[in-house]
Amino acid sequence: MLDLLRRAQSLAALSGILVLAILISPVASDGSRIFLQPGNLTDILRQISLIGIIALAMTFVILTGGIDLSVGSLLAISTTLTAMALTRAWPHASYTSHILRAILASHILRAILAAVAVSTLAGAVNGAVISALRIQPFIVTLASMIGVRGLAKWLSSNENIDIGFGRDVAAEFAAVFRQKAIVIGSYACAAALFWILLARTVFGRHVRAIGDNEKAAEYAGLPIRGTKIWVYSLSGLLSGFAGVLYAAENHQGNPNAGVAYELDAIAAVVIGGTPLTGGKGSISGTIVGTLIMGVLTNMLRLKNVDSNVEMMIKAVIIVLAVAVQGRDSDK
Amino acid sequence: MTRGILMAAGMVAALLATSCASAGKKQLAVAFSQANNAEPYRAAQNALMAKLFSQDADVKLAISDAQQDNSKQVAQVETFIRQKPDLLIVAPNERAALTAVMGQAMEAHIPVICLERDILQPNYTSYVHSDNVAIGRQAGKFIVDHLTKKYGKPRGQIVAMRGLLGVEGEINRDRGAKEILDQYPEIKIIADPVADWIQAKAKDRMTEVLRSQPKIDVVYGHNDPMAIGAYLAAKELNREKEMIFVGVDGLGGPAGGIKKVMDGILAATFVYPLCVDKAVEIGNRILHEPGFKPDKDYTIDSIMVTPENAAKMYEKFTVGN
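Line by line, the protein sequences give chains A and B.
If you read the first sequence in this note's numbering, its first letter stands for residue 1, the second for the next number, and so on.
If you read the second sequence in this note's numbering, its first letter stands for residue 1, the second for the next number, and so on.
Simulated from the structure, these hints should not be mistaken for laboratory data.
Do not rely on the hints blindly, as some may be mistaken.
[As the list claims (entries may be wrong)] Restricting the straight-line Cα-Cα distance to at most 25 Å, the calculated cross-link-like pairs of lysine to any residue (SDA-like) are: (1) A:Lys180 / B:Pro122; (2) B:Lys72 / A:Ile182; (3) B:Lys72 / A:Asn308.
Sequences are here, hints too, so could you generate the full structure?
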């Protein structure tokens, strides 16, 4: 019941911001509100997709009472590896006009798998160190945030790896994976999968139980270590996948990509009603939290609000959103 | 539930207040997507652009700051495209990332001026820029002249402070200088650390270089803040008299490189033109002259600033309030 109420809270906040965005939206020359134009609404969805995808797994991490600061660096290593694989490993791979054949048969799939595998592995290492050595997640993921960023820069010799607009596999990859439908579709699929995983599986129940009371979960014989390793691996997996999309969107593998993304993802989770102490929270809440930040950004940009003021307004929203939820759940 | 609604209602009130102010008669909208307000060069661009456009009562300028984040800048340009401004000016953070979205602006029939950094495809109405290779060559010649004067022949040890790797300005300021310096086998670049254009980073990197290099003749900073950071590091170790510091950017104002030449900290700086005056000039003609066909490419020349002309240049390049 409390959970339902909390969800209603953030939904109410989102509705409020949506109404506000519609009310103050500038009007186009044809009289329509720019905010409501389908192009603008899908812009928002595309723009939130990367953080949204990362925030899904971050929800799991935070539900266990942990935190993952390394997601931005994991995104960077994946985006760098994707571009390196596409431009250096197979620079002369042939171009095919049929995209589906190209993806399945060729290098694109292998490049994506390699990049995502590395970031997933890095996530698994995070989880293993956290559960085996019993070091706080904040410290372990802080270390990998620094170390993996260094690895990404070292691998690429500090350079942005340009994908370019030629007629080769790399350009073909970017052309496909930067499409709005693919990006938003990926977010939607990942959201659905992670919602099922949390709400409908034994694994999801374990995740919540650990965050609710780790000692009790341990006495009940739940697989704490295994669950934690899985949770951080999933975080690596989704950050890596977001990195693949980032490479396509920006036409490059940039080892400096994703700086401070962990904070955006954590903000989305927290606004969505998952407390940092873990135990309670939901994927739908995180999606609402991500949407709130996305709509807010778009609304303020459409009004040309000064970007420094934008940051101040966001700060207030984050605190307000959490204050509202915290107080109700005390009752 | 009620609190959620209250919170939203409060925000409605606050933002309605700001939105009412902007309702008025039809104005020409100019949107400027800036890569990163935090760099002094870019802050100067913003200030000059705001000043020049404010002379036109019917032009309303909006500036967005991408905080050196490609995705953020793409999103901001997309949002500008929805607003259908009469003119879009983009100072791209990085070439590859902005190419496609600027193409979308062109497809939406918005005139686009690409400012200072180029993109991979000519997705713009006009590209206003300076020539960094030429600036690098000028700096290289200045360094060779200085060393020749110092030793009677061109020889010496140089430290180059490099900006963000992969960026056009960094590549070409490096290339132009090397074109000249490489002609003299006794002139050696003994270290070239990367300080990402940032003064604080340059100070740290220079400190390491100073620890390992007993003899340095010239520091060539690919921008003024890095040259100044290197100077501060040398001063801390009492070695600033041993070498000269050369920078690029030559901004006006009390914090700019020209002032540092006047103060004797930099031996020379090379003005990297803000390109804004030209962009605003072309922009105004696009806005006000229906038949105007701008060129695809405008190159703005650099000026060398040394103690001899620094005071005059300071006056010229300082944007007054």
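A quick look at each hint next to the structure:
no. : hint                : verdict
1   : A:Lys180 / B:Pro122 : holds, 23 Å
2   : B:Lys72 / A:Ile182  : holds, 19 Å
3   : B:Lys72 / A:Asn308  : holds, 14 Å
Violated hints for the displayed structure: none, as all numbered hints are satisfied.
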